[in-house]
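2 protein chains.
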Amino acid sequence: MKSTICNLGIIPFNFSKMLHMQLEYFMVFLLYFGEKIGLYFAWLGLYTQMLIPASLVGVFVFLYGCATVDDNIPSMEICHPKNNITMCPLCDRVCSYWKLSTACATARASHLFDNPATVFFSIFMALWAAMFMENWKRRQMRLNYEWDLTGFEDEEVSGDHPRAEYEFRVMQKSLCKDQKSQQKVEKLTYRDRLPAYMTNIVMMLLMIGVTFAIVFGVILYRISTKAALHMSSNPITRNHVQLTVKTTAAIINLVVILILDEVYGAVARWLTVLEVPKTDKSFEERLIFKTFILKFFNAFTPIIYIAFFRGRLVGRPGSYLYVFESYRMEECAHGGCLMELCIQLSITMLGKQLIQNNLFEIGIPKLKKLIRYIRSKQGAFQEEERQKKLQRYETDHFLEPFAGLTPEYMEMIIQFGFVTLFVASFPLAPLFALLNNIIEIRLDAKKFVTELRRPVAARAKDIGIWYNILRGVAKVAVIINAFVISFTSDFIPRMVYQYMYSPDGSMHGFVNHTLSYFNVSHFQDGKETMDPLHLGYSIEICRYKDYREPPWSATPYEISKEFWAVLAVRLAFVIVFQNVVMLMSDIVDWIIPDIPKDISLQIHKEKILLVDLFMKEEQGKVYILESRPSCISTLVCSDHISLPALYANK
Amino acid sequence: MKSTICNLGIIPFNFSKMLHMQLEYFMVFLLYFGEKIGLYFAWLGLYTQMLIPASLVGVFVFLYGCATVDDNIPSMEICHPKNNITMCPLCDRVCSYWKLSTACATARASHLFDNPATVFFSIFMALWAAMFMENWKRRQMRLNYEWDLTGFEDEEVSGDHPRAEYEFRVMQKSLCKDQKSQQKVEKLTYRDRLPAYMTNIVMMLLMIGVTFAIVFGVILYRISTKAALHMSSNPITRNHVQLTVKTTAAIINLVVILILDEVYGAVARWLTVLEVPKTDKSFEERLIFKTFILKFFNAFTPIIYIAFFRGRLVGRPGSYLYVFESYRMEECAHGGCLMELCIQLSITMLGKQLIQNNLFEIGIPKLKKLIRYIRSKQGAFQEEERQKKLQRYETDHFLEPFAGLTPEYMEMIIQFGFVTLFVASFPLAPLFALLNNIIEIRLDAKKFVTELRRPVAARAKDIGIWYNILRGVAKVAVIINAFVISFTSDFIPRMVYQYMYSPDGSMHGFVNHTLSYFNVSHFQDGKETMDPLHLGYSIEICRYKDYREPPWSATPYEISKEFWAVLAVRLAFVIVFQNVVMLMSDIVDWIIPDIPKDISLQIHKEKILLVDLFMKEEQGKVYILESRPSCISTLVCSDHISLPALYANK
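Read top to bottom, the protein sequences are chains A and B. As numbered in the numbering used here, residues 1 to 650 make up the first sequence, in order. As numbered in the numbering used here, residues 1 to 650 make up the second sequence, in order.
These are calculated hints, taken from the structure and not from any lab test. Because the structure is a prediction, the values reported are computed rather than measured. You may find that some hints are simply not true.
For identical chains, the list gives no copy identity; a pair is met inside one copy or between any two copies.
Calculated pairs, BS3-like style, for lysine-lysine (alpha carbon to alpha carbon, straight line, at most 25 Å) [what the hints assert, rightly or not]:
1) Lys187 with Lys278
2) Lys281 with Lys607
3) Lys605 with Lys278
4) Lys278 with Lys173
5) Lys597 with Lys545
6) Lys607 with Lys278
7) Lys177 with Lys475
8) Lys545 with Lys607
9) Lys475 with Lys137
10) Lys281 with Lys605
11) Lys278 with Lys597
12) Lys177 with Lys187
13) Lys281 with Lys621
14) Lys545 with Lys561
15) Lys366 with Lys446
16) Lys281 with Lys173
17) Lys187 with Lys597
18) Lys281 with Lys597
19) Lys447 with Lys36
20) Lys527 with Lys545
21) Lys621 with Lys607
22) Lys187 with Lys605
23) Lys605 with Lys461
24) Lys369 with Lys281
25) Lys545 with Lys246
26) Lys527 with Lys597
27) Lys597 with Lys461
28) Lys278 with Lys461
Between the sequences and the hints, there should be enough to build the whole structure, so can you do that?
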């Protein structure tokens with residue numbers, strides 16, 4: 001049995017056989033591990049299947065970006081050799097003026113992710129998420145039927161039995177109280193739990209605060225390193241400033257996320273133990289809820305910062321915003337923050353998947369097994385001898401104990417977040433998720449069979465709280481994508497320019513329109529560049545990306561009318577996008593029935609058969625009773641409930 | 001029995017006894033009419049109970065408006081005797097300039113409905129709707145348990161039997177086909193239904209078009225009558241122009257809505273008959289869906305026009321927007337369109353309730369009964385004699401037949417729409433709904449018992465499609481209220497002025513800020529007023545309500561920066577309001593469990609008892625079988641299904 005599963009786990013991948021194999025997996029896992037783990041693999045299988053169309057469409061969207069990069073007028077204008085726009089310095093004193101044409105490569109690259117097809121793709125992905133939910137409901141119903149779980153109810157299993165820790169606390173409490181009054185205490189009240197709840201809230205806020213602080217620290221690192229490197233006298237160092245800073249910052253971010261993930265997992269468990277939940281089910285749900293919140297913040301805070309805050313709080317030339325009075329806030333590279341969002345997203349997602357999901361998941365159990373093995377080796381036995389003498393259950397004892405499905409689900413939910421939440425900025429996310437999952441499903445299978453002790457088989461009807469979390473993520477994804485498209489990408493400013501300001505209805509002149517003017521004599525003292533003749537000639541006016549009045553207007557550097565017009569259109573787009581997508585998701589939800597038709601027919605038929613069976617049996621019994629009156633006394637009779645009515649009502 | 005119910009129907013109303021009485025109603029109706037009608041009254045009862053807190057809060061909000069009307073700075077400024085603002089004429093040629101101070105009364109009145117408390121009230125009502133849904137789920141669950149419906153499934157009743165009309169169509173089709181091929185046709189396919197579906201879509205669009213056309217017609221009536229009355233030489237007529245036009249237009253609207261309601265009901269039924277649905281349940285659902293859409297459009301199109309379009313498409317002085325090149329579009333009275341929305345809403349709601357719900361519902365059955373009675377009287381019998389000779393079922397035959405619960409539910413859903421959809425503009429709506437329902441619940445009871453033939457009792461587990469419609473209305477209500485607050489009321493412009501433009505952070509100067517300047521020499525030829533000296537002196541500059549550049553700016557009469565700023569804040573408010581309220585509704589949904597705890601415990605206990613009972617019976621049977629082997633042959637045996645397992649799985 002075990003060897004069969006091992007072989008399945010390492011069978012070379014074949015797309016056409018995928019569906020069939022998944023089914024085989026289910027059956028094998030079901031027999032060996034029970035329904036709960038079977039449902040996890042079924043869910044993972046469906047999710048992976050559903051990722052295939054999503055990654056296909058994502059690749060097409062990306063290819064569309066590649067194909068149209070040469071027709072994109074704004075990047076053509078930036079790259080045009082006659083383009084002679086002088087930009088304001090990117091940092092105080094040490095940076096100098098620069099030509100917009102040097103941003104040509106960035107502008108072309110950002111078109112790959114910031115084009116009209118991404119709008120279509122994020123609508124598509126929102127509907128995809130709704131479809132996935134519906135399909136899972138149907139698949140779950142079908143599995144419930146096939147695995148004979150239709151009548152099974154959660155409370156029938158361990159769900160209702162109090163945990164030993166809870167009983168202990170109740171006993172403690174009743175002992176304390178007994179000395180004062182004779183009343184028996186039977187349960188913990190809110191008052192008993194209040195200290196634990198308070199600790200919970202405080203610790204959760206503290207942990208989220210730590211996440212924010214670390215993100216802020218990384219920002220400070222980026223700003224200060226950039227300034228320091230700019231000051232370096234070595235010209236090679238200065239040329240590689242951007243690359244060095246971005247790479248190291250992203251790696252620091254990734255490492256911090258990986259470390260905090262482990263810390264947060266431990267903190268969530270500790271907090272849940274403090275709460276002393278009554279049942280195992282309640283324990284699990286509370287633990288999942290806390291872990292989810294902490295890990296979600298951990299994974300997505302840096303990304304949310306880049307998407308919605310970076311480059312927005314910079315102030316303007318002559319009146320920049322400073323952190324700790326000396327560090328100027330970062331700006332995005334020309335071409336919008338979407339490019340940076342995309343880089344951060346891909347590094348976090350790929351890094352997490354490669355290191356955490358695959359390396360850790362396989363490496364750490366192997367390592368632990370090795371340590372346990374070495375430890376036991378320190379005994380006096382001869383290795384070879386021992387191996388031969390040991391029983392199966394003794395060798396299995398060297399394996400890592402099974403820690404529940406929570407980490408597996410959590411990993412997938414965070415991935416689902418990457419695939420749906422910011423998909424507008426990174427259409428290749430579903431493809432990477434798909435590749436990861438194809439490996440993951442096999443690694444998980446192998447791990448469960450060969451690296452972990454065999455878990456106690458448990459029944460379950462559904463994937464529990466995870467379904468609600470998935471639904472929540474899908475809902476949040478709609479609004480986040482709306483904001484990414486309208487605020488992070490340049491989609492709305494381009495539309496507004498084309499339909500409201502363009503003299504000929506084309507995109508020509510868009511770049512010029514988004515840049516405001518600054519008179520360099522208005523720089524504050526001590527903030528002007530030290531190298532004003534860097535470009536070879538003296539500069540009077542430099543440009544910066546913002547919608548502000550020019551220096552020669554009546555209200556220089558005030559926010560201009562264009563800013564408010566673009567903002568209004570951006571907000572209107574959010575409202576329209578959110579409501580249209582929500583409506584479409586509701587329609588998908590409404591059109592696809594929750595129970596597959598064949599299953600509902602089958603259940604109905606079986607119910608009728610069952611009633612028939614009982615009826616016939618009743619008749620038989622009546623016949624017996626009539627033929628031999630002495631039988632009556634042995635049957636339990638009820639006065640007012642007739643058995644046929646009971647059957648029919650069931 | 002019947003007389004008991006009659007007495008209940010006319011018992012004088014007593015608030016403290018209400019809950020108790022409702023319960024009595026349920027039991028009586030349940031016994032006499034069956035669960036389906038019982039559920040309707042239970043639902044109506046819960047809705048009416050829930051309206052009590054809503055109307056209390058609504059009255060408080062209204063009283064808050066009344067109490068603060070003297071502290072409202074904008075209306076104080078308008079009413080101030082030193083206020084000397086000259087407004088541009090409200091119509092071409094015949095109207096003249098007017099003093100803003102004459103709008104004092106309107107400005108004060110509009111404060112009653114347009115104050116910060118209404119924002120609070122619409123959030124409250126959105127949460128109220130979510131609470132109502134949850135409470136109904138719980139009440140339904142409780143009734144299901146008490147009325148022994150927990151195991152009952154809809155398909156067990158008539159739900160699955162094809163309607164006679166459907167069978168007839170299938171037979172017709174198979175007869176036609178038989179002549180060509182010998183294959184038996186067993187059901188209608190999409191191709192058979194295509195003509196009916198096409199007719200449906202076309203007719204629905206046509207009907208909605210008719211609604212729009214009528215609303216447009218009423219607008220034209222208002223515009224043209226106003227112009228005509230302004231031209232009248234009689235000064236009294238001219239003084240009462242506004243009142244006359246508004247009153248007659250509202251009455252026309254009401255009459256049209258009442259007539260179209262009847263027409264649409266008939267059209268929806270005809271269209272559903274055309275579709276030939278398979279089962280009675282499907283017929284009812286399709287009919288309800290169509291009727292709902294048509295009646296909803298009918299009731300709410302004029303209100304939506306006033307809330308979101310009126311006063312927005314007027315153009316500006318010197319360049320007004322004209323319909324048919326001669327009618328200028330209407331403006332709202334000073335103080336915002338919220339006042340007009342409130343008037344229209346109250347007239348429609350009260351008129352519909354008084355005339356349609358009460359007069360029609362009681363009057364028409366009585367009238368029909370009379371007609372039927374008079375017709376039968378034309379026979380030769382002596383009246384008195386006949387009355388005595390007639391059996392009960394013969395007298396009952398003079399009653400109107402029962403037409404289903406659809407009209408009753410529909411009436412309440414439309415009322416629910418009035419209570420939730422535009423509640424931001426009319427906080428007294430819940431109060432009027434409550435008063436109506438207190439009468440309605442009694443009139444309905446009386447009607448069902450004395451005016452209609454006794455309906456066939458039907459079982460039902462829930463209120464069916466109506467629950468989904470209610471949920472849909474509650475969802476739409478959130479977004480409509482967000483738009484009413486931000487676009488129809490002056491709430492956002494006031495906030496923007498106070499925090500962005502006000503020199504001293506107060507509301508002083510708000511009125512002046514919202515009015516733009518117009519140079520009267522810029523009027524188009526033939527459009528200027530015929531009576532320029534109406535106010536006693538010559539006018540050079542008049543003011544109008546809009547955010548536009550003054551005539552002396554570089555771009556005269558262009559939309560100003562303030563307009564875009566206010567628009568952006570309005571849209572941002574919509575996003576924040578919608579998402580916060582949706583989140584809060586979700587939390588309410590999540591906190592309140594769907595099944596009351598005592599009921600779920602009770603169901604669980606009974607299930608265990610039932611399993612015990614069956615187990616004991618099994619044992620008894622085994623005992624019989626053992627004591628007398630001949631019994632075996634009479635029992636139905638199954639090879640692979642053990643009966644205890646079946647019980648446990650149930």
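Broken hints, by number: 5, 7, 8, 13, 24 and 26
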